[in-house]
Amino acid sequence: MDTVLRFLTCGSVDDGKSTLIGRLLYDSRALLVDTLEGIERTSRRRGATAPDLSLVTDGLIAEREQGITIDVAYRYFRSGARTFIIADAPGHEQYTRNMVTAASTAQLAVLLVDVRQGLTAQTRRHALLADLVGIPALAIAVNKMDLVGFDPAAFEAVVYAFEEFAEASGLRARRHYIPMSALLGDMVVERGEHLPWYLGPTLLEVLERTPVEDGAREKPFRFPVQWVCRPREATDPLLHDYRGLAGQVTSGTIAVGEEIVVLPSGRRSSVTAIEVGGVPRERAVAGDSVMIRLADDLDVGRGELLVRADEPAPALARTLEADLVWLDPAPLAPRRTYLLRHGTREVQARIEAIAWNLDVATLERVPAHELAMNDIARVRVKLAQPIAADLYEALRDTGSFLLLDPATWDTVAAGMIRGTQ
Amino acid sequence: MIAPRTHLDRLEAEAIHILREVAGQCQNPALLFSGGKDSICLLRLAEKTFRPGRFPFPLLHIDTGHNYPEVIAFRDRRAAELGERLIVRSVEDSIARGTVRLARPDESRNRHQSVTLREAIEEFGFDCLIGGARRDEEKARAKERVFSVRDEFGQWDPKNQRPELWRLYNAKAPAGGHVRAFPLSDWTELDVWQYIAREGLELPSIYFAHPRPCVRRGGLLAPVTELTPAREGETVETLWVRFRTVGDITCTAPVASRARTIAEILRETAATTVSERGATRLDDQTHEASMEQRKREGYF
Ligand SMILES: Nc1nc2c(ncn2[C@@H]2O[C@H](COP(=O)(O)OP(=O)(O)OP(=O)(O)O)[C@@H](O)[C@H]2O)c(=O)[nH]1
Ligand SMILES: [Mg+2]
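These protein sequences, in sequence, are chains A and B.
Here our numbering is used: position 177 in the first sequence is 177, and no number is missing along the way.
In our numbering, each residue's number is its place in the second sequence (first place is 1) plus 421.
Hints may be right or wrong, so weigh each one.
With the Cβ distance kept under 8 Å, some of the chain B side facing chain A (calculated, not the full set) [as the list claims (entries may be wrong)]:
(1) HIS428
(2) ARG441
(3) GLY445
(4) ARG472
(5) LYS560
(6) ALA563
(7) GLN582
(8) LYS593
(9) PRO595
(10) VAL695
(11) ARG715
Note that these hints are calculated values from the structure, not bench results.
Just so it is clear, CB atoms sit at the ideal spot from N, CA and C, and this is done for glycine as well.
All chains, please: the whole structure from these sequences, using the hints.
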């Protein structure tokens, strides 16, 4: 069976994230000749003797000029039966929102730590954000071991500090610690010769062995309606009354004949057909994009959610308790109304209260009246209309939301639902 | 038992999801269809997305006037088979209007497509353009969101992209601007060929190996046509070649190949050591950041 692992690299500025991805691709022979030649040319022009592998992902003009990553670069490679979708995230605090973008879809985070620096505020922030969005596995890459003479004590010090931090902040992810030199390649794909005292897996081995099953099929069925197909072909008897509800099954399974409930209206019907491009199927499972037809001619549209009548239903909520990451340069204006996107549904929303704002350095929950970019806060959101909400830990797609600014339509915050009323 | 989903199944389902978000969120989208392999995949995906209904958008082609006739014929035939509306806007017309000025009459018109595209966006009031670009194509594209915001001049600002989380795509166009949607963002060249094979998709003939007069230029093969004659001192050879990507004649190079079936192309693609653009783009060789600069100017 072919599997896919989506992972990101994160951590503080200059800890070696981009170099690591370059090294991983280079040592896996996943770089094509012309890409490599381009990197060698650019490196030489800047007076370097060896190719600078961070240029594999730092592809923007501004990134190359400043030697930093600004936005996420995506890269693809295969190793054995597994496809990897890599997101190389920026470490700079200013670009935290781009890291969050990459983290939201990742199944594993490679968190880099410069062994000389240890944990910085940004290392902690990225670890907390990875945990907040629920990434189940964390590979802590203790990098630049070459600069401390590959000293095991220096590695152990970082492991100790991170474990202490993980305990204090209640991090839930499975953790692997790997000493490495992204620059020289030790413990990335090859074991190298400098770390004989480390007996654990290389980074690539960790990536290859990380389980990817998310169990989404075993969870309750959820189907946000994206679009309604009404061909209205007056002359074709088959299409005359056709009404297909188009969407992607975000969790669970559905089969022809099963009873469903439409939320938030609560109307019931049963499934008469499941189709892809007009071709019928017996059932659909989490991840499938299909068209569903119902026995009754209900007026169902975008923004409504189908669930199964024989499974636990989500709560119809007008108030949400949520963890919010503020992503916009303009701070939260508590009196303003934002547009909340939940699945395919959009409702007006206001932040009614801020329970706390997390101080990343001290892990203290600080009382707050405003939120600025990169803040991580627990808030209460008041909605103009109800949404059918799940908890984020249980069901990611129906447990998350965005806030959009109605003046610009920019995405200003991302929310994870922790409670409903 | 439910059959396990393959990587292609997952890519397909995600692409359909993205196309439906366009349909659900945008007022007036269009799908860019060039007759090339990526946009041929897009059309199949659109069928799986919207049938038995019609596509909720027209197809749009920006024609440089310097395309291979096989590709243009294929474009027209495919649109007709699907029964969907095809809008063609030409760089020639922009030249006639004076909005595009060529420095030399034989200059490549590839870059000027951005102007004609912008004019088409204004003429029809499109708020979203669906394109077949993939992140594996080029280092600037590797940085782009699935839904990418453009300002009123069609410009991409890579330093100021919207956050894009989970599957919650924000397709809302900013005031005066529009968005571009890329359903094939996570597809690789090999995925595209595997999808073409799996779905049995038809392609313009120049994707398969055929004899063609060429010259060797800057490490690439340049096709010899009326538009692109051999330069002084170059020797014209008739070689077996195929195109890995089709675009403007003046800047797209074929590769040496004997692959005459999809299966043979798949074998070559899996074993290739040169990227799609590196092997084929006469225009990207000039500068390290050519693609980013073109994108900033409103290129696809
Ligand atoms: N000595 C040594 N230097 C390294 C190692 N890994 C990376 N570097 C160097 O550290 C510097 C920063 O590397 P990058 O890969 O650009 O760092 P980054 O984490 O991607 O930086 P941002 O994305 O901007 O946060 C470069 O000069 C690298 O050559 C390593 O293992 N050993
Ligand atoms: Mg970087």
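Hints, verified against the model:
For the restraint placing HIS428 (chain B) at the interface with chain A, the shortest Cβ-Cβ distance is roughly 5 Å, inside the 8 Å limit, so the hint holds. About 4 Å separates the beta-carbon of ARG441 (chain B) from the nearest beta-carbon of chain A, less than 8 Å, and the hint is met. Among the interface hints, the one on GLY445 (chain B) holds; its C-beta lies about 5 Å from the nearest C-beta in chain A, closer than the 8 Å criterion. For ARG472 (chain B), the interface hint holds, the least distance from its beta-carbon to any beta-carbon of chain A being 4 Å, beneath 8 Å.
For LYS560 (chain B), the interface hint holds, the least distance from its beta-carbon to any beta-carbon of chain A being 3 Å, beneath 8 Å. Residue-level restraint check for ALA563 (chain B) holds (minimum Cβ-Cβ distance to chain A is 5 Å; threshold 8 Å). At its closest, the beta carbon of GLN582 (chain B) sits 6 Å from a beta carbon of chain A; the interface hint therefore holds under the 8 Å criterion. Proximity of LYS593 (chain B) to chain A holds as hinted, the smallest CB-CB distance being about 4 Å (cut-off 8 Å).
At about 6 Å, the closest approach between the beta carbon of PRO595 (chain B) and any beta carbon in chain A falls short of 8 Å, and the interface hint on this residue holds. Using the Cβ-Cβ criterion of 8 Å, the hint placing VAL695 (chain B) at the interface with chain A is satisfied: the shortest such distance is roughly 5 Å. Taking 8 Å as the C-beta cut-off, the interface hint given for ARG715 (chain B) is violated, the closest approach to chain A being about 12 Å.
Hint 11 alone, counting from the list given before, is not met by this structure.
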